[in-house]
Amino acid sequence: MTTDYLKSVAESNQWWALGPEIMLACAALGLLVMEIILPKKDRRFIPYAAMVAQAMVLLTVIFNFQTTWLGENLFGGLIKLSPWGQVARVFFLVSSLLVSFLGTICLPRTKLPRVEFYHIVMVVTAAMMLLVHSNHFVMFFVALETVTIGFYILVSYFRDNALTLEAGLKYLVLGALSSAIMLFGIVLLYGAVGKVSVNGITHTGFEFETLNNFLRHHPDNFLAIAGALLLVGGVAFKIGAFPFQIWIPDVYQGAPTPITAFLAVSSKAAGFAVLLTLVNQVFTPLAGVLVPVLSVLAAATIIMGNLAALTQRNTKRLMGLSGISHAGYLLIGVVASFTVPWATSAVWFYLGTYLLASMAVFGVMTYLTGPDDTNQTLDHYEHLAKQHPFLGGVLAVGVGSLAGIPPLAGFMGKLLLFIVAFQAELYPLLAIAIGGVVLSIYYYFGWIKSAYFEAWRPAATATTAAPQSAITTPSLSGKLILGLLALATLLLGCYPGPLSDWLPF
Amino acid sequence: MNSLHAQLLQLAIATPLVAALIMAGGLPKRLAVKLAGVAFVVPALIAAWLWQQFPAEGGATYHYLSNWDTGLGRFGITLKLGLNGIALPLFLLAATVGLAAGLYALRSGAERLKLYLMLLLTMQGGLLGVFASVDIFFFYFFHELALIPTFIMVGLWGGRDRNYAAMKMTIYLTAGALLSLLGLIAIYVKSGAQSFDLIELKAVLAHQSLAPTVQKYIFGLLLFGFGTLVSLWPLHTWAPLGYGAAPSSAAMLHAGVLKKFGLYGLIQIALPLLPVGAQTWAWPLALLAGIGNVLVIGLITLAQRDLKQMLGYSSVMHMGYCFLGIACLSTIGSGGVVLLMVAHGLSAALLFMLATSVHHRTNTFDLTEMGGLAQKTPVLAACFVAGTMASIGLPAFANFWGELAIFVALWKFSPGLTAVAVAGVVISAIYGLRAVARIFFGPPSEHLQQVMAQHPPADLGWGERLPALILLAALLGLGLYPQLLSRSIDQALPVGIAKVSAGSATVSPAKP
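Respectively, the protein sequence lines represent chains G and B.
Sequence positions in the first sequence follow the numbering used here and run 1 to 505.
Sequence positions in the second sequence follow the numbering used here and run 1001 to 1512.
Rather than coming from a laboratory, the hints here were simulated on the basis of the structure.
Predicted, not measured: the structure shown is a model, and the values here were computed from it.
Wrong hints could be hidden among the right ones.
[Said to hold, decoys possible] Just a few of them, taken from the derived set where beta-carbon distance is under 10 angstroms, the chain B residues facing chain G:
(1) L1031
(2) L1065
(3) D1069
(4) G1071
(5) R1074
(6) F1137
(7) F1151
(8) R1162
(9) T1170
(10) T1174
(11) Y1188
(12) Y1217
(13) G1220
(14) H1360
[Claimed, not checked] What the simulated footprint calls covered on chain G by chain B, stretch by stretch (three residues with Cβ under 8 angstroms from a Cβ of chain B suffice, anywhere in the stretch; the number is not a length):
(15) 119-132
(16) 427-438
(17) 484-498
The C-beta atom is built at its ideal place from N, Cα and C for all residues, glycine as well.
Assemble the whole structure, with the sequences as input and the hints as a guide.
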C-alpha cells in the first residue's frame, strides 16, 4: 500500500463507510478520558454515558441501513459492506447495549474498576462489526484477534475469584489454539492460491473473491480443502460446535455473568456470521466436502449439547451447554444455506430470537447472583415466582422461548430452520434436531419448574432449606428493559412480521 | 357468508385470550372472576349462533372465512379462520366444554384462583382457535397455546405425583406435537403449494398428488405425532398419569377437547391430503388401536382402583374406537369418529368433573373406600350414572351413534376387529357400572363413615349442577337427534374420503 493509495482512499471518503465502528471505538476511548478528567463522585455516570454512546451508534446504523457503500469493495478490497453486515451491526450493538446494562447491575457489587469493562465491551463490539465486513483474510484475522484478546480480559475480569481466573486461563489457551488453527488454514489457502503455475489467480490469495474464483476452477485442490477445513474448525471453536465445545461449560461458569451473556450471544453470532460468509461466498465450490463435515458437526453438536445439559444444575453451565445445542440447530441452517438461499435469513432470525431470550434469562440470572458469581444453581430459583413474580415471568418467557415453545419467538426461529432443512432435504438432521428439542424440554422445563413449582423435600430434612440467594430487586429501568425483552419475545412469536420483513430475505 | 359471522368467529376466539390478558394486567380478583365468567359464556353463545346459522347444505366448504396477515405471508402463513362441516361440531364442543369447565372453575375455590382462570381462559382460546383454523400452521400454533397452560396447571394445582406427571406429560406431548409439526412442514414443502392454507393445499394436491412413498412417510409422521397426542397405544402412558394428577377443569378441557386435536388433524388434514399414505397405514393403525387401545387398555382399566386413573384409562380406551373408525377409511367410519369425538368430549368432561365432586365428598379417589353415596347425594348419583351410561355407549346418548357408525364401517373393514371392539363395549360396561356401584350403592366403608360424620356430604350445588346439566343436555340432545350435527359432517366428509377410495383404486393394481 503506497501513500498515493492512502491518499486516494482518504479523498474518496471511504472512512464514512466504517463510521459506526470508528464512532464506537472513539467513544470507548472517550470513556477512559472521562475517568481521568471527571471528579470521583461523577464517575458513576460513565456506564450510562457508554450506553448512550452505544445507543447513538445503533441509531446511526439503523437510519443509515441502506448506506451507499453496500456491495462495494472498500479499502482496496479489505472491506465489503453487505446487507447481512448491516444486520450484524445492529445485532452486535443491541447485544453490547444489553451486556453493558447487565454490567451496571453486576459490577457495583464488586470493588473492581468499572470503566474498563465498558471500554473493552465496546472495542470488542466494534471489532466484531469489522469482522463481519472483512473481505480479506488479513483484515479478517486482525479483527478476529481483537475480539479474542478483548475476551481474554473480559472472561477473567473478576480477578479475585479462583474459578474466574481458571476460566480465563482456559479461554486463553484454547482461544490461542483455535487462532493458530485458523491461521494455519488461512496460510494453506494462501499457499494453494498463490502458486504461480495454477490458473485463475489474480493478485492475492487472501481475498475472498480470488479464493472463490480459484476454488471454482480447482475444487479438488488438497491444500485448499485442508485449509478450508482448518478454518471451519477454528470457527467451530467460536460457536462452540462439537468437538471444539470443551471449553464452554468451564468458561461460561467462570466468566462474570454479563460476559457469559456476551460470549453466548455476540461471540456465537459473530462465529455464525463468519461461517455464513465463508460458506456462501468463499467455499461454495467445496460443498461436496463441507456439507458432510458440517452435517456431522451439527448432529454431534445437538446430541452432545442436549445430553450434557440434561443433568446440569449450575445455571451458567446449563446456559452454556444448551447454547451448544442451539449452535447445532443453527449449523443445520448453515448446511442448508448451500442449497436454499434464504437459509441465511432463517439463521439470523433464529439468532435474533436467541438474543432476546438469552438476554432476558441472563438478566434474571444477574439479579439472582449473590456475591459469588459462579455457583448459581437451580436451587437458588426456588420460590422465585412467589417472591418476585416479575423476574419469574421474565424467566419463564425467556426459557420458554429458548425451548421453542409457541407462542414465543424461539418457536418461530425453530420453525423457519425446520422449513429450511426440509427444503434442503436434510432429513436425518431434522430427526436429530427434533430429538434434541424434546430433550431440551426436560432441562428447560426443569428450570421453570424449580422457579414455579414447590420442590418436594422429605420432612426429615425440611430444616435444610434451599440456599437463599441474595436477589437484587430490579430497578425501574431494569424492569423496563427486561420487560421489553420478554414482551418482544412474546410479540415476535405471535406476530413475527416486523423482524422477518426487516431481514433481507 | 357475510362478514358479521366471520367477525363473530374471531370474537369468539379473541374473547378468552383478551380476557386473560386483561386479568394479567392486574385486575382486582372480584372483577377478574366476573370477567372470566363473561369470557366463558360469550364464545359459547357465539358458537351456538354460528351453528344455528350454518347453511344447511354447505358443510363441504368453509364458511365464515377471514384472513389476517401475520407478516409471514412470504411463507404462506396467514391467520385464516373459518368453519366447515367437520370443524363446526368440534368448535361447538370446545365452546360447550369450555363453558362447563369455566363455570365449574369459577366455583371451585382453587388457590390463586385468578391465575387458574387466566390459564383456563388461555386454554379455551387456544382450543377454539384450533378448530377454527384453516391454516395448518395456526392449527398447530393454537394447539400449543392450549397445551402449555395444561402443563402449568398440572404442575401447580395437580394432585398426587404432580411434578412427575407434569414433566412426563410435557415431554410426551411435546415430542408428539413436534413429530406432527414435522409432518405438517413436510406437506407444506413437498406439495409445492407455498402455503399452509388448507384450502389451497387441497386444491394443489387435488391437481397433483404427492408421490406414494412421500405420502407414506408423511402419513407415518402425522400418525405417530398425532397418535401420541391422542394416546395411541403404546404411546399412551402419559394420559392416565396426567389426568390422574390434573385439576378437574384442566382435565375436562384436555381429555374432552384438546385431545381431539390429533384425531381432527387426521380426518381434516391427513386423510384428504394423503390418501395413499392412509391406505398404507390403515392396518397397522387398526391393529394398534384395536388390540392395544381397546383390548389391552380395556383390561388394564378393569384393574384400576383409583377413580381418576380409571377415567384416564377409559378415555385412552375410547380413543381406540376413534382410531378404528379412521382406519376404516370410509365416510361412515370417519363420520362416526367425528360424532364420537364430540360425544366422548362431553361425557369425559362430565365424568372428570363429577369425579372431583365425589372426591370433595368422600375425600378419596379409591373406589374400594367408597359406597352408599347415592342416598346422601341423589343428584350427583343421577348425573354420574347418566355420564357412565353415555360413556359406555347406551342408546339415547350421543356416544351410541358414534360407536354404531364406527362398528358398521369396521365390519366392512375387518369382522375380527369388530368382534374385539364389541367386546370392548362389554369391558367398558363392566368397569363403568362397577365404579357406579362402588361409589353410590352398598354400605359406606369405614373411612367414608368417618369422613361423612365430620362433613355430612351435601348434594351438588349450583356451581356443579349447572355445568353438569349443560353437558348432559348436549349428550342427550345429540343422542336423541344426531342430525343436529351429522348432516354437516356428512357433507364435509365425502370430499376427502372419496379420494381415499380413489387412492385405493389406483394403488390396488400394484398389489398382488
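Going through the hints against the structure:
1. L1031: violated, 19 angstroms
2. L1065: The hint is violated - B/L1065 has no Cβ within 10 angstroms of chain G, the shortest such distance being about 20 angstroms.
3. D1069: holds, 7 angstroms
4. G1071: Nearest chain G Cβ about 1 angstroms off; hint holds.
5. R1074: Holds - the Cβ of B/R1074 comes within 10 angstroms of chain G, reaching about 7 angstroms at its closest.
6. F1137: holds, 8 angstroms
7. F1151: B/F1151 check passes; min Cβ-Cβ to chain G is 8 angstroms, inside 10 angstroms.
8. R1162: holds, 8 angstroms
9. T1170: With a minimum Cβ separation of about 5 angstroms from chain G (threshold 10 angstroms), the hint on B/T1170 holds.
10. T1174: holds, 5 angstroms
11. Y1188: OK, holds: B/Y1188 within 10 angstroms of chain G, min 7 angstroms.
12. Y1217: Holds. Min distance 9 angstroms.
13. G1220: violated, 12 angstroms
14. H1360: This hint is violated: B/H1360 lies away from chain G, its Cβ roughly 23 angstroms from the closest one there, beyond 10 angstroms.
15. 119-132: violated (count 0)
16. 427-438: holds (count 4)
17. 484-498: holds (count 4)
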